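There are 2 protein chains.
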Amino acid sequence: MSDINSSLPVITETHNSPFASLQPVSMTDVQLEDGFWKTPQQINQSITIPTQYELLARTGRLDNFLRAAGKLDKPFQGLVFNDSDVYKWLEAASWSLAYNQSEELRRQVDLIISLISAAQQKDGYLNTYFSLGKANERWTNLREKHELYCAGHLIQAAIAHFRTTRDEKLLEIAVRLADHIYSEFGPSRRAGTCGHPEVEMALVELYRTTGNKKYLDLAILFIDRRGRGLLGGSEYLIDHAPFRTLDHLVGHAVRALYLCSGAADIVLETGEQQLLKTLEHLWTHMVQQQIYITGGLGARYEGEAFGEPYELPNARAYAETCAAIASVMWNWRMFQIDGDPRYMELLEWTLYNAVLPGISFDGKQYFYVNPLRDDGNHRRQSWFECACCPPNISRTLAMLPGYIYSLSPAGIWVNLYAASSVNVKLPAGQCIKLHQKTAYPWDGRITIELTSVFPAESANDDLLSKPFSLFLRMPSWLDEDSVVVMVNGEPIDYPIHAGTYLEINSAWQSGDRIELELSMQVHYIESHPLVLENTGRIAIARGPLLYCLEEVDNLALPLSRIVIDRSCQAGVEYLPELLGGVKQLTCRARIDEIDPEWQGRLYRPYKRGSTQRRNPEAEIKCVPYFAWANRAAGAMQVWNSYQ
Amino acid sequence: MSDINSSLPVITETHNSPFASLQPVSMTDVQLEDGFWKTPQQINQSITIPTQYELLARTGRLDNFLRAAGKLDKPFQGLVFNDSDVYKWLEAASWSLAYNQSEELRRQVDLIISLISAAQQKDGYLNTYFSLGKANERWTNLREKHELYCAGHLIQAAIAHFRTTRDEKLLEIAVRLADHIYSEFGPSRRAGTCGHPEVEMALVELYRTTGNKKYLDLAILFIDRRGRGLLGGSEYLIDHAPFRTLDHLVGHAVRALYLCSGAADIVLETGEQQLLKTLEHLWTHMVQQQIYITGGLGARYEGEAFGEPYELPNARAYAETCAAIASVMWNWRMFQIDGDPRYMELLEWTLYNAVLPGISFDGKQYFYVNPLRDDGNHRRQSWFECACCPPNISRTLAMLPGYIYSLSPAGIWVNLYAASSVNVKLPAGQCIKLHQKTAYPWDGRITIELTSVFPAESANDDLLSKPFSLFLRMPSWLDEDSVVVMVNGEPIDYPIHAGTYLEINSAWQSGDRIELELSMQVHYIESHPLVLENTGRIAIARGPLLYCLEEVDNLALPLSRIVIDRSCQAGVEYLPELLGGVKQLTCRARIDEIDPEWQGRLYRPYKRGSTQRRNPEAEIKCVPYFAWANRAAGAMQVWNSYQ
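Protein chains in written order, with the numbering used here: chain F, 180 to 822; chain W, 180 to 822.
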């Protein structure tokens, strides 16, 4: 116990990961302005976070802390990992304190912190399932009981709370818990690692926040201990082989992706090349053989798991919302390692097409599973017994401003086009204020104004005129020839390469203005011939948004019989009343009749050309995939037959 | 307890189900001769049944009985329903006693019966999991513990043993158990029904064997009690709605199909029209929307369950071998109700293409799951922790001769073309011996000789000359115009209708000879356009045999890139050395190269016509699906691209 109280946090204000090409810009330095992401962020803070607080209370998740503190005589309620939902909510609420000054929210956050504080044991241990009556079972079933997983989420909540409030009380609780864990599982202590990875990321982040390297060491240990049979050796738990020997992702998708995120955090701090190679290999295999066009991950219901290469069923896609969030976290870390725009592009695509679909427009209903085809029975729900996804979406939306910009010695990187302002000191010393105005992804016009550029140390004129670079991400779906870039009203003739960052180096001054016009054409996407369900089918996208067909927009046109005429230009129309304002696409299509001879048959002798008959042409309407299932229940499909 | 000992079996020698159009011919009256089914039957009796006996012993399944009898101080071993494997083996062994006079087998059967006898409790209760230490938990968890399921399998084993040996000792044990169950669950006793249906079939069969109607009543009660929440109301257990209100099959496939089989047994005895309508509706829905081209059933790994309509993934097909066996049982019962040849045709197809693949040619390895496409990793195994399939295949093969013929007042029905002889008394009074010679399904020539026709009562010349009908099943895949039927060497000009029974009425006499030539052309099969994975794909069959491509026959031709030229006549060649002698099919095909641009990509902007490039033509080889995975491991597929 002696070393626990001695290690109060040593706060490191500015941790730069030594092996990162890019450094993050704190979400507290970024403000969303009126634009695409502002609405989800506002709904998240005004509706989702308060609603989830009520649900945490109503479902006994808060009572579990009272009980663990000895203040309530009731059995433990719910699943063994229910504490983590409270912590994820607390993380979401903490991030949102950066821009939400609501007294109510602050009170709720403080109340929960006091509950957590009271539930923490004298030795630092904290888990309400094991606190009363089961104290002797602590750490005895790492495979299934999620104790370290829950601890990781507490640590992340504590860091978020500290970052936005500079209040150390939750961080102190987290440090005591982390120290307790270190005393149990540190070097030369018992060999153990968690069935559900998560604590690895949290420990690295705690190292970054406190400067105490032992947390980093412990995170490394937890990764190193996998694949040695400590968890029984299952693929489901990614314990079938040492992590550095993996060549493709298997098992529970969220577990696998959280593990990769933690490993990437380690690379950022240690620069370990073998770990990096493993991660790059896993990522490449994933995007080449395992990912849905939505960015969703995890093909199988059984085990919520990755499937075989090209195993990507549409109606039975699992694609858990949490797996998409995990992919965002992993891509973010990989991007920081080497600045490869592929990671950022996948991050963006996943945010729009795999994370955002997880929550309804009213902010109160969630998808856990995200099919790409549905008959209308799959609807969002207000909560789940295993409620991992709702607060995970909430914290992702709350921290989202942190993904928009990055820094490097050369300058500032615009990763996401999103109406926002940022106030940040560049590594080279300049302090800049940058204002980004755009309706992206609805259109491709982006205006970036450097409202203020001045040296960090006042009156350093030399720095003031020192050039730095603005890096603008050129998505790979761009039509390179039609991109327009203007600086202070003058077109600049830089070569545009889709799938890279465009670097504009200049001795930028206050008032400089960059205008960017990205081509937002509709593109049709096909999938690898080994994805059997998508044979003869295309998906439709515009810019970074994947589109789908919903029955409610195409009444009397059975989706499965629509055959899109790919040669016709799709129409694009902004409909302010539709789904809170979306650009709807219209395509021409024919509607095939199923040969009446199929009536009552599943198989028949092959008949050439008699399968279907054409009907007159129709106009079909498509909405962004993230918007589906917000209106009347009905069929939906992403992959469509075409001619 | 008083009524238990009073109900010793009243054996009914000839039970004719009153609402059956057709009556079965006991497997004891049928002998397989040299032909297709003889080999599997011989392997079953000489290898499979002895091997399984060893496995029952080695895995503690027999020890559980010793333990229950108080003769072994060991914990219960294995899964809660492990008794059922012993009973299914005993049923298989008992049927095979009809044609296998091995002393060894008889000793093993007697030993197991003595173990069972010793394990039975005084009150008739019998289940080794609950016998010691858990007696107070009997019947407390019908949802999960399979007690009635195990009892059902004991009853079926007992009936098989009695039928082939006329020895009543196992039947007496079964009757005592059934009476105990009746005293627990009979009318006005406790409302309960089993989580895993099976006992319903067994009780109806026990009624048929003993004449005691209370077993039939109890079977009806067990069906009536479903869907009332007694099992928690889950679809998985088919407890979500009363059975008679179901309109499609859901939940665990084996459970659902066993339940249907039991319900069909009840219809045969009661003639209940509502139950029959439900069954017909479920069957129709199943064959129109839920069945694999193999006859396999159950699309989902999760819950080993039926999926949505047209949800039929190939590589991830579940298609449990036990579900195919259950389908055979259900179709057999439906066929007896009204003699509709569709049931018999599906039964035959399922035997060849869904049951037989479940066992290796060497008789020692089993498939539990039966995919229609595989990369070569799915191989048969010698046993399973949940070992339901191996003894289920064994008992199905052992009782198979009982499916070949049926009787009706009009005459005898030839359901399956299989080299065999039958010695039976027709309902109209004649005793006939019939001899069927054929190499079917390898070729379509069948010779049926009435080696003996005489009245049951001797010297009844009137009966001798009385005409009766021979019913020959004309499968629906026939080319009607090319079928040849000859009686005593003379072609007869009956109209042939594929998918019906051809009735030939005659005053048949000893020595009459019918020759039948069925067309055995290769046919290509396509599936309903809503089976998305099969878009642009065909399966290949010849007669009742489904074919597949195996890598071992098509080395250097990646199966997924084979495009069959459907317009070319397939070659058919008998290869006596291949797989114990099969007819191999050869088709012409082109091998498409995957556009090299797909390298490293899963999705891309659609490009017209550039997906694949043609290579020169190749000859591809196909083997019957039942024979797959008996040679070198490698890819396999049933559905093939075509041009």
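Fair warning: there could be bad hints in the mix.
Below, a sample of chain W positions facing chain F; criterion: calculated Cβ distance under 7 Å [stated by the list, open to error]:
1. GLN467
2. TYR480
3. GLU682
4. TYR703
5. GLU705
6. HIS707
7. LEU709
8. LEU711
9. THR714
10. SER739
11. LEU781
12. TYR782
Think of the hints as simulated: they come from the structure by calculation, not from any bench. From a predicted model like this one, the values you see are computed outputs, not experimental measurements. For each residue, glycine too, the CB sits at the ideal point set by N, CA and C.
Here is what the structure says about each hint:
no.: 1; hint: GLN467; verdict: holds, 6 Å
no.: 2; hint: TYR480; verdict: holds, 4 Å
no.: 3; hint: GLU682; verdict: violated, 26 Å
no.: 4; hint: TYR703; verdict: holds, 4 Å
no.: 5; hint: GLU705; verdict: holds, 4 Å
no.: 6; hint: HIS707; verdict: holds, 5 Å
no.: 7; hint: LEU709; verdict: holds, 6 Å
no.: 8; hint: LEU711; verdict: holds, 5 Å
no.: 9; hint: THR714; verdict: holds, 5 Å
no.: 10; hint: SER739; verdict: holds, 6 Å
no.: 11; hint: LEU781; verdict: holds, 5 Å
no.: 12; hint: TYR782; verdict: holds, 5 Å
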